[in-house]
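As given, the protein sequences belong to chains P and Y, one line each in that order. If you're matching positions, the first sequence starts at 0 in numbering that gives the first Met the number 0 and goes up one per residue. If you're matching positions, the second sequence starts at 0 in numbering that gives the first Met the number 0 and goes up one per residue.
It should be emphasised that the hints constitute simulated quantities derived from the structure, not laboratory data. Mixed in with the good hints there might be a few duds.
Cβ-Cβ distance ranges computed for the label pairs, FRET-style [what the hints assert, rightly or not]: (1) P:Asp294 with Y:Val31: 23 to 29 Å; (2) P:Arg105 with Y:Arg33: 41 to 47 Å; (3) P:Ala155 with Y:Val31: 17 to 23 Å; (4) P:Thr288 with Y:Leu51: 54 to 60 Å; (5) P:Val87 with Y:Ile42: 33 to 39 Å; (6) P:Lys226 with Y:Ile42: 25 to 31 Å.
All C-beta atoms in this analysis are idealised placements derived from N, C-alpha and C, irrespective of residue type, glycine included.
So you can see what is in the structure, the chains are spelled out below.
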Amino acid sequence: MIGGVCGGLARYFGVDVTLVRIGMVALALLGGTGLIVYAAALVLVPSDGEVAPGPNDTRDRALAIGIAITLTIAGFALGGFGSALFPVASLAVAGLAVWWLVSGERPTGGPRSIARRAALGVALIMGCLALSVGSFFAAGFGGGVVIASLVIAAGAALVAAAFVGGARWLVLPALAIALPLAFVSAANIDLDGGFGEREVRPGTLAEVKKDYRLGMGELVIDLRDVKMPAGDHHVNVGLGAGHALVLVPEGVCVASEARVGIGGVDVFERDGGGIDVDWSDARRAPGDTPRLVIDGDIGLGLLEVRHNRSRESANHYDGPFSDLDRPGDGRNDACATRTASSGASNG
Amino acid sequence: MRRTAELDRLSLTAGLVLVVLGTVLLLDALGVVRLSFGSMAPIAFAAVGAILLASGLSRGA
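Using the sequences and the accompanying hints, generate a full structural model.
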């Protein structure tokens, strides 16, 4: 296993390594407590090539590992992953590991020194998390140019600093703002349009807007009260992240196109999903039948089109690439035929 | 005689990687190029990988 933790513990306690491995796997299966013990040992136990620690170091490390084991076992006893102790212990160990990776300082020394490094690591994690969240939302609201410029500026500063001793502390914050921007750009997430749940239910065709947009949340466009005459009617649905549901009246043929960064499209009996989804369900309507042409632009989430809002259709998604034909959801029966260009592709 | 500071290879590599990554992101934000996950993911992973590689090599040096 990674880092030779089981072998090291077996040698330390003078037992067979198989017993330690079985115990570690058992702890891992029983609520995941073995993972935190393993991570703590990986960080705290010295490697074979390391200088042998003195009596105080050995005592401190044994104390730290004992505390980690006690916390995780207590966490398991109080509900495994669900208790508060497990996340706290996990965060502390993660903080130690991050600080070790960033600074190159192994968590050696007394408990105070180890606690200080864990706190610094946790602070670093929290700071980067805050930067990432800020970058995600700023990019989603159209601040991509500013953030990309900041990334370039940070890179240029690092290059300049490399000749005068370096500025390694700048690498993580720069990555923390660059990677969410890359994610938002790739998924084409646009958060303009507000947050939360929004439901619109126009009563007449005149009240139907051409564009409906929501930044993040659930958007329901209920067109079931609209009497649509024969001919084409266009609706554009934009959603940054979340779930968009379009309810259409019976007797209306629905043709749809959509681009989805990550997520899926579910139109009556057809669906598709994944990343970089380019959805097209081109349908023709008979001469006396109205056709609703839906153009979706979804960053992260699901676009659904149904005749009825049922529990299954509103809140349940069976996953991509599983052709659905749920009773009560209706079919796109008003259309004449499906053209050869229908389908979803992942680009 | 004034002593010259040693070149920090990690900062240099990470800086260059971030400049390239930032430029790609800027071009995408300006609409010059349109990057999907299929093209953005390898770029992002390569950037992180290059920085980790530089970190490991500079530590071992």
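Legend entry - Violated constraints from the hint list, given by number and in increasing order: Going through the list in order, the structure violates hint 6 alone and respects the others.
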